[in-house]
Amino acid sequence: MVEITLKGITKRFGNFLALDNINLKINDREFMALLGPSGSGKSTLLYTIAGIYRPTRGRIYFDDRDVTDIPPKDRNVGLVFQNWALYPHMTVFENIAFPLELRKVPRDEIERKVREVAKMLHIENLLHRYPWQLSGGQQQRVAIARALVKEPDVLLLDEPLSNLDTLLRLEVRAELKRLQKELGITAVYVTHDQAEALAMADRIAVIKEGKILQVGTPNEVYYKPKYKFVGWFLGNPPMNFVEAEVEGDYLRVYSSRIPVPSHYREIIEKLGIKEVILGFRPHDAQIVKGVGDGLLGEVYSFEPLGREQIVTISLDGVFIKVFAPEEESFTFGEKVTVEIREDRIILFDKEKEVALEYLYKD
Amino acid sequence: MNRMGREKIKDLSFFLFPMILMILFFYIIPLVMTVYTSFTPLRNWNVERYLFEFVGLYNYERLLYMFQHDPTFKAVILTTVVFLGITLVINVLGGLVLALATFFINERIASGFRLLWLLPRMSPIAVYSLVWYYFFHGSEIGTLNSILMKLGVISQPIPWGQIIPWGAWSILIFVNGLVGVSFGMIVFTSALNQIPRELIIAARVDGASTWDISRKILIPLMRWHILYVLTWQFLSLLTTFHHIFLLVQWNLINRDYGTTLALYVFNTAFGRGEQDQGLAAAAAVILSIVGIIGGYLTLKLLKFEKMMKKPRGDF
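If you read the protein sequences in the order shown, they are chains A and B.
Numbering-wise (numbering that gives the first Met the number 0), the first sequence opens with residue 0 and increments by one.
Numbering-wise (numbering that gives the first Met the number 0), the second sequence opens with residue 0 and increments by one.
Hints are not guaranteed to be accurate.
As the list claims (entries may be wrong) - 30 angstroms max Cα-Cα, derived DSS-like pairs, lysine-lysine:
hint, chain 1, residue 1, chain 2, residue 2
1, A, Lys269, A, Lys288
2, A, Lys72, B, Lys215
3, A, Lys118, B, Lys215
4, A, Lys103, B, Lys215
5, B, Lys215, A, Lys112
Derived by calculation from the structure, the hints in this document are not laboratory data.
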């Protein structure tokens, strides 16, 4: 159980800058998700923590111990891969026992520890099988068992659920979260699936092009995105963005006008900014039929999803998506007004695509 | 036979006939001719006189007699066994070591290194043999001799290939082993590249050394490839004679301890002096039987029938 500190981690592959001055602290027993699109550098960061990659610059600490120059085997980390990386010529038992055998643990102790961890992951009746005789979910459990059997200080997971089908993924998601808390192990979880990160992590670090954009609890990154990218990347459907112009106490959005949200009045005044991007989540607005106070538009399309429906609305040719209750019915081309929950509005700088409050703080 | 069956046979024969013809003309017919010839006293290609004379197992009895009493033929058999055994081990182990070594080093260096080992296979047989002819030449023009003399290790040139038996054998094994190693290396390298990198990373994180990874993960995963290379090299070493022919012909290595059974067959049938095709055919049949038994054993060992899975779907 350790706390991980990354100080100014930079990693270059030739001319390619994979990680750019990463500073991050992962608390003891914390479940940290590294979230980003493919090629963002999140896996590189994970492998740097594991010691498979050496940072070009920067230091890595496990508690107070500088592990930057320590080889992977001496960092005591457990690693779970996307493809699980089970040794195909070994049985489940041999797979799980492998890390212990390398450590020259006595035979009877290996036996005991393997059975213990197999029991914890409900695979004790599969120990004599080979990986190809297992389902995806079972293989995944074996991979986690193999990572946990050596009682690592840190559990590193590289998209461990993305090879599972949707239903199984939801099931394992809940289980993995529970397991991490029960073991009280520090976990770093790489994923490109925002729902997974939101559902499982204590905190999320959003990574793009080798830089950490924002670190925070799922609530923080979801509701208070620091960058337009974060708002767009998290949530399904993503955050809506429309261009707006400041006109005194009002924001002009195409042909509509809404008051400047109260939490932004002071900031806008101080920054003297004119052009902004208005962001809001699809569930933070409601659709009112006819013309009223809010953003005026017309229904472009609607997709019932069971409990609710996604309505696509055209604001003078710009599309936004808003959730509406299932019982409401719409027609194509219908005139509607979108009323946004004022306290949930985020305003971004048009050039830098940063939320105004952060611009103001910097 | 029902209609479906007949259709199937028609389709099958259409697609298979080029290969069947090839096998018929270049394998089955020569094999039958060889077996037939081994029962005739054919010699000096005097077909009219000998080809239709039947002598039963006479040629085989001669081989057996030679095997018991003729020192030259004994030397041939011994040379074949030693050459085959040692070169096979060198080929398979050498290929394995090279593949593993290049697997763990920087890719750019590795491919240059592999190319270097491919050179013996790429160069024409005569050119390649000539290189080693000059290298091991028994007079002072030989590269090895002149190096050793310059260094003062020896004062007189040594006729390496005429030292029997091990001088001749060493050159034989060295020259052929160098060609064969690259085959194993290529097969093993491609096998290694098929192994997911994560398996190696996982093992490294768990504390495995390069030796542990090679022994416990990579080599077990290459089991099929190793047995395949073993079979292939066994059969090709059993029948190879090109390099050996040249080295013997050029008098670089001792004739008796430089001739394998394959070359013996060739020399007896087509060589200088009196040619004895009947005897050569009998020896060739023996060679084929050894090859068939060896090939069959390794296929059994490979559990080859297990690898041949029935295709899915309706046919």
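Tell me if the straight-line CA distance from Lys72(A) to Lys215(B) falls inside 30 angstroms.
holds, 17 angstroms
Does the structure keep Lys269(A) and Lys288(A) at a Cα separation of 30 angstroms or less?
Not OK: Lys269(A) and Lys288(A) at ~36 angstroms, beyond 30 angstroms, violated.
For the pair supplied as a hint, Lys118(A) and Lys215(B), is the alpha-carbon distance within the 30 angstroms limit?
Measuring from Cα to Cα gives roughly 26 angstroms; hence the hint holds.
Hint consistency between Lys215(B) and Lys112(A) [alpha-carbon to alpha-carbon, up to 30 angstroms]
holds, 21 angstroms
For the pair we were handed, Lys103(A) and Lys215(B), check the Cα-Cα distance against 30 angstroms.
It holds: about 14 angstroms lies between the C-alpha atoms, which stays within 30 angstroms.
Of the numbered hints stated above, the single one contradicted by the structure is hint 1.
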